[in-house]
Every structure is written in structure tokens, then in C-alpha cells.
Amino acid sequence: MSAAVELTDVHVSLGGSHVLQGVSLAAPEGEVLALLGRNGVGKTTTLRALMGLVPHTGSVRVLGQDVSRWPAHRVARLGVAYVPEDRDVFSALTVAENLRLAEQVAAPDYDAVYELFPELRERARQRAGTLSGGQQQMVAVARALLNRWPLLVVDEPSKGLAPRLVSELTDVLARVSATTTMLLVEQNLAVVRRLARHIVVLDHGAVVHQGPVADLDDEDLMRQLLGVSA
Amino acid sequence: MTVLADLTFSALALSAVYFLAASGLSLIYGLMDVLNFAHGLFMTLGAYAAWDLTTHLASGLGAPTIFALGVGASIIAGAVVAGLTELLLIRPLYGRPISQILVTIGLDLAAVGLLLGGFGSNSLSLPVPLWFFEATHWGALNLPNADFVALAAGIVVLVGLEWFLRRTRYGIIIRAGVENRDMVRALGVDVGRAFTLVFVLGGAMAGLAGLLNSVVFNGDLVSPLQGDGLLIFAFIVVVIGGLGSIRGSAVAALLVGVVQDFSNYYLSSHPGMAEIGNLSVVLLLAVVLEWRPRGLFGGTI
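Each protein sequence line maps, in turn, to chains A and B.
The opening position of the first sequence corresponds to residue 1 in our numbering, with each subsequent residue numbered one higher.
The opening position of the second sequence corresponds to residue 1 in our numbering, with each subsequent residue numbered one higher.
Bear in mind the hints are in silico, worked out from the structure with no lab data behind them.
Some hints could be false.
[Claimed, not checked] Simulated DEER-style distance windows between Cβ atoms:
{"id": "1", "chain 1": "A", "residue 1": "N39", "chain 2": "B", "residue 2": "E290", "range": "19 to 25 Å"}
{"id": "2", "chain 1": "B", "residue 1": "W163", "chain 2": "A", "residue 2": "G64", "range": "39 to 45 Å"}
{"id": "3", "chain 1": "A", "residue 1": "Q65", "chain 2": "B", "residue 2": "L283", "range": "57 to 63 Å"}
For every residue, glycine included, the Cβ atom is placed at its ideal position computed from N, Cα and C.
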């Protein structure tokens with residue numbers, strides 16, 4: 001199976017700190033790859049390097065193209081939808097404007113988005129800054145799904161959400177994953193188990209483990225890699 | 001009462017010119033983090049373009065038509081020079097704010113030097129229709145026609161900008177970009193085009209502000225340093241209103257215009273108080289920053 005994302009020896013330095021120290025990984029097409037690790041090991045920076053949002057060295061291939069030197073908007077237009085950590089909805093814009101901004105194809109799929117998140121239709125004219133955390137996450141995911149792009153990059157979708165919302169959001173992502181390759185950063189291992197087939201574990205800016213999601217059941221390994229018990 | 005009304009009207013006209021000068025500056029900083037010290041140059045060149053066109057057109061066209069063409073020339077000159085500035089000088093320096101400041105200061109100094117060399121330091125007289133020198137009588141009020149023009153221009157630009165920012169896709173891109181440029185890029189939007197557009201819009205408004213400043217407050221005179229003088233007040237308006245906020249610029253321009261005009265009228269005749277209008281504006285700036293360090297509307301657009 002070919003890889004939708006291939007990172008080879010990617011290095012990122014930010015503010016004098018060598019955050020990524022040669023990350024290499026591959027996300028198989030049509031599957032969900034979860035990127036795990038303790039706080040501050042470089043998971044978010046890996047996604048930002050993939051998106052072209054931070055300067056980096058090394059090779060980044062996305063959907064068959066070498067995007068190592070591409071600006072972020074070109075990477076996205078290649079077919080990469082991005083849900084950042086902390087949502088980053090535009091608080092001064094309405095829900096409808098947030099979605100309109102994300103439109104990049106001639107026929108954005110509003111029907112599918114409103115089917116997944118009916119609440120957004122009702123709140124279309126509400127400013128995103130006045131939404132709850134869960135509703136903002138809906139906007140962030142909806143923006144990413146609007147263009148039906150083949151690759152979804154999601155950074156900690158469950159962060160800060162109540163358990164019921166996490167469950168609902170996971171259901172949505174599970175439905176999306178049936179047709180979309182996904183690169184997922186997530187601390188909630190229940191969500192990872194539900195969605196992912198493969199995991200990659202980062203530590204100190206480098207990949208220290210790759211394997212099937214079943215590796216999460218290896219308690220010793222998880223304690224060693226993530227500092228948690230499975 | 002009549003004096004108060006006359007004074008308020010003239011303050012509104014001054015506010016309109018300040019708003020035109022400041023709104024582009026505010027958008028440029030809000031979206032791009034560029035402190036554009038060449039903005040005064042865009043104003044000056046707008047006025048010179050209008051002077052150049054209106055003094056070379058055949059008088060048979062009629063004074064109102066000639067002046068209208070001059071308005072168009074000022075807007076186009078400001079827009080073109082601003083667009084070229086963004087493409088040629090600012091774009092290679094993104095992420096280097098100190099270099100951007102230095103290059104815009106350098107551009108302003110060099111261009112003003114060229115204007116001084118080409119046109120001399122004497123002010124040039126801009127041909128304007130006689131109607132501008134007359135006043136409209138409304139009851140006991142005598143409202144200068146030139147003030148009407150400035151006020152109308154300010155209102156048209158404010159309404160037009162609000163429409164553009166809220167109803168068009170580029171407007172949404174600009175508002176979103178002021179909040180989080182990276183996320184706009186990550187949604188597949190080429191923010192660079194929005195940057196150029198904002199510079200062009202800001203330059204167009206600055207060009208118009210330069211012309212109206214000459215007509216309404218400068219005795220129809222155009223001079224190489226007029227834009228730099230106006231730029232100082234434009235910066236104050238931007239800071240009081242909140243960087244990046246158009247509504248903030250409108251409210252701040254109103255405050256600055258009223259405070260400056262009223263201070264000048266009531267206090268400047270006292271001994272040692274000739275500059276009280278300018279001092280009042282600086283005091284207003286200090287009070288607002290003490291109360292709201294990000295300006296009145298900081299963080300919104």
C-alpha cells in the first residue's frame with residue numbers, strides 16, 4: 001500500500017530549540033495513523049512541518065508530491081485538511097464565515113457537514129468566539145471536511161472536551177476515516193484505539209516506536225514510551 | 001450654539017480625513033504586522049498626482065469634472081505606489097519587522113527628497129472648483145462646502161470598507177488573517193494576494209486623504225512633506241482605535257478630530273498655547289492607552 005504522507009529525516013528548530021531531530025514516518029493511504037508521545041516531544045510541530053507552517057529540513061511527501069518547500073496554502077490545496085490543536089477558529093467571524101473561508105472546491109459539501117453537525121446550521125450567524133469549546137471543535141472539523149479532501153490531519157481533537165462530546169466527535173471521525181486517510185495526534189488512548197490502525201511514538205523529537213495499534217495493550221512498552229499504563 | 005455646531009462640523013471633516021489616512025495603515029498592520037512609514041508618502045503622491053493631472057487638463061472640461069478626475073488620479077496613484085511597495089520592497093522582508101520599518105522610512109525619505117528636487121520646496125496650488133470656497137447656509141449655520149466633501153468621502157469609504165470586509169470573500173480573508181494568518185494559509189488560502197490587496201486599498205485611501213487634506217485644511221496647497229505631517233496623526237488614530245480595527249479607526253478619528261479642533265478653537269489663543277490642539281491629541285492617546293493598552297477596539301476588525 002502506498003503512503004499518503006512520508007516524512008524523511010525532518011528537522012525543525014524553533015527559537016534556538018532543536019524540536020524535531022530527524023523524524024521519519026509514513027502514513028499508509030486509506031488508514032488512520034496515530035502520532036503519540038508525551039507533551040512537548042514534537043507531535044504538533046511534526047504536523048505543522050507537514051503543513052508547511054514551520055521552516056524545516058528533510059523531505060516531506062504528501063499524496064505523491066514532494067511538498068518540502070511548498071507554502072502552507074499549496075500543501076492544503078493539494079488535498080490536505082487540517083484541524084489544529086486548540087481549534088483556531090476565527091472568533092470574530094461567524095460560523096458561516098469560518099466555513100466559507102475554508103471553501104476551496106467548486107462544490108463544497110455542506111450537506112455532509114450539516115448532517116454530521118446539525119447544530120452548525122442553526123448557529124450559522126453566531127460569532128465563533130461565542131461558541132463553547134465543543135461547538136468550536138465542530139467548526140474546526142467541519143472546515144476540514146467541507147472540501148472532501150483525501151487527507152485529514154487532526155491535532156488533539158478531544159482536548160478539553162467533555163466525555164460525551166469526545167464520544168460524539170470520535171463517532172464523526174470514525175465515519176470520516178472510512179473514506180479518508182488520517183494522521184491523528186491524540187492523547188486519549190481510547191480515541192486512538194477506536195480510530196487508528198497504526199501508531200508512531202515520538203520522544204525528544206524523534207520516532208522511537210512504530211507498530212500496530214495493538215501495541216497499546218503492551219503495558220510495559222506504553223509505560224516506557226508514554227509514561228502511562230495501558 | 002452656532003459656533004459649537006460650526007466647530008463640530010469642521011471637526012467631523014477633520015476626523016474624516018484622519019480616518020482615510022489611518023484606516024489603510026491600520027489594516028496593513030493588523031493583517032501583516034507591517035509598520036508602514038511610507039504611508040505618508042502615499043498621501044503626498046496622491047495629492048501630487050491630482051495636482052499634476054488637474055493643472056494639465058484643458059479647462060474646457062469644467063472645474064467639477066477636472067476635480068473629479070483629480071480625485072481619481074489621487075486614488076490610483078496611492079494604490080499603484082502602495083501595491084508596488086508591497087510587491088517589491090515589503091514582500092521580500094516578511095518576518096523581518098525592523099527591516100520593513102527601515103525600508104519604508106528609507107522609501108519615504110528618498111521619495112520626499114525627489115519631490116523636493118523635482119518640484120521645489122514651495123507649495124503648489126491645486127486648482128479646485130470655486131464651490132469649495134463657498135459655504136452652505138443652513139439656518140444660522142455656515143458650513144464650508146469643502147468640509148462636506150471630506151465628510152462624504154469619509155462616510156463613503158467607511159461604508160464601502162465595512163461592506164467589503166463583511167460581504168466579500170477577500171474581506172473575510174482579511175478579517176481572518178488579522179486574527180490568525182497561519183490558519184488562513186492552512187485552509188488553502190494564498191494570504192500573499194490579500195497582503196497586496198490590503199496595501200493597494202490602504203494606498204488608495206491614503207492618496208484620497210492626501211488630496212482632501214490639501215483641499216480642506218491646507219489652503220489647496222500641495223507640498224512634499226504634507227503626508228508625513230498627516231502620518232503622525234494617522235498613527236495616533238490607529239493606536240487609539242486598536243491596531244487592525246476599521247471601526248476602531250473610525251471612532252478614534254472622531255475622537256482625535258473633535259479633541260484637536262475644540263482645543264484649538266477654545267484654548268490656542270491663550271499665551272503659550274498655540275500647539276494645544278496637538279498636545280491634546282497626545283494626552284488623549286496617553287489616557288486611552290492607560291485605560292485600554294490595546295486601544296479601543298484592539299483585536300477586532
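Identify every previously stated hint that the structure contradicts and give their numbers, smallest first.
-> Violated hint: only 1; rest satisfied.
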